[in-house]
Amino acid sequence: RIGKLLEDLDLVAGKVAYSHTQGWERGLGIVTAACDRIDLTGALPSTSDLQLLASVNWVGRSSLEVGIRISSGNENNWRRVARAFFIMVARREGLAAAVNPLIPKSPEELRRFKEGQERQRLRREMSRHNIMTVAPNEQESELLHSLFLRIRQGKLKGASMAETLRQSTRLMHPQFRNIHNKIFGGYLMREAFELAWNITYLYCREWPQFLCVDHMYFFEPVEIGSILSFTGQVIYTSPKALMVEVTIEVIDPVSGTSEVTNVSFYTFTALDEAGEILEITPVLPNTYEEGLKYLDGSKRFRLGEKSREYSSGRKNSSKSG
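The numbering used here applies: residue 1 is where the sequence shown begins, and numbers increase by one.
Misleading hints may appear alongside valid ones.
As the list claims (entries may be wrong) - DSS-like, lysine-lysine: derived pairs with alpha carbons at most 27 Å apart:
hint: 1; residue 1: K299; residue 2: K114
hint: 2; residue 1: K105; residue 2: K15
hint: 3; residue 1: K4; residue 2: K15
hint: 4; residue 1: K4; residue 2: K182
hint: 5; residue 1: K240; residue 2: K306
hint: 6; residue 1: K182; residue 2: K299
hint: 7; residue 1: K306; residue 2: K114
hint: 8; residue 1: K157; residue 2: K240
hint: 9; residue 1: K240; residue 2: K299
hint: 10; residue 1: K157; residue 2: K4
hint: 11; residue 1: K155; residue 2: K4
hint: 12; residue 1: K15; residue 2: K157
hint: 13; residue 1: K155; residue 2: K15
hint: 14; residue 1: K114; residue 2: K15
Stated by the list, open to error - Now the in silico label distances, taken between C-beta atoms and shown as ranges:
hint: 15; residue 1: G94; residue 2: T257; range: 14 to 24 Å
hint: 16; residue 1: I224; residue 2: R302; range: 16 to 26 Å
hint: 17; residue 1: Q153; residue 2: R61; range: 46 to 56 Å
hint: 18; residue 1: Y201; residue 2: N100; range: 40 to 50 Å
hint: 19; residue 1: Q153; residue 2: P107; range: 50 to 60 Å
hint: 20; residue 1: E289; residue 2: E138; range: 14 to 24 Å
hint: 21; residue 1: S160; residue 2: N181; range: 35 to 45 Å
hint: 22; residue 1: P107; residue 2: S160; range: 49 to 59 Å
hint: 23; residue 1: I224; residue 2: P101; range: 29 to 39 Å
hint: 24; residue 1: I277; residue 2: T47; range: 17 to 27 Å
hint: 25; residue 1: G27; residue 2: A159; range: 43 to 53 Å
hint: 26; residue 1: I277; residue 2: E138; range: 26 to 36 Å
hint: 27; residue 1: R26; residue 2: N198; range: 34 to 44 Å
If you are wondering where the hints come from, they were derived from the structure by calculation, not from laboratory data.
Heads up, the beta-carbon is just placed ideally off N, CA and C, and yes, glycines get one too.
Using the sequences and the hints, build the whole thing.
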């Protein structure tokens, strides 16, 4: 039930952000701007309890990063199995509002603060060099050209990216609302994840194994009564893993126009009956837009690998957010 866990993580991040900012007392609205990363570093057996330890790692002017350590176990025997980072933003009357500063005192708090600062820098860099809005550089253009040549010459075999696309449509009911009477971000994360999981299952034809949420961006709030379209497809594969992009759009039933509200990326492996990791069939782009998605997925996947390696390296460290 990873999807349900995502709902709980967003809820916990919101509660911690409200506590730090004194949001209730100051009349602030705290919203989720992004789920920066969720890395799974261990098994989640259904026979064990889960413990969520959350803290504010870094604070800007109107935004803050909440880190959550997810541990599995019972009573006093806990081991870290995942970590998550959420970016929360304070608003007042539709405008950004200043939040309480964060003063790290211990070496551990200082480490978390600096790491949060570095993640903020990487987020800004990714935004400035987003290949879906900025033209590819020379190296990326050469890579894309080489990829298309290899596909056309038959040197690279695989599955068409277009054939991996799946969609679902949902009406947003009041029971999915948050305290601001908008649709709860955790619910959107759950629905997007479950679509990505299904796409992976259909693509690999074996049981998916979740690795990480690369990013989930929240661009616009979703109103109660909205009709949402969830569209997902495999955008990148490595020999042992794949990445699925899920885009959420709100559709106006009268005009038929749509607006993107969320974009998210999920990385999975697949396991055979013996529990061994499968070789993944390469996904092949056929259009320029698909080629850009492939390049974007490749870049995110490489950054994600570094993050997962770091997470695994700190797996047994104490109270790392």
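Can you name, in rising order, the numbers of the hints this structure does not satisfy? 6, 10, 11, 12, 13, 16
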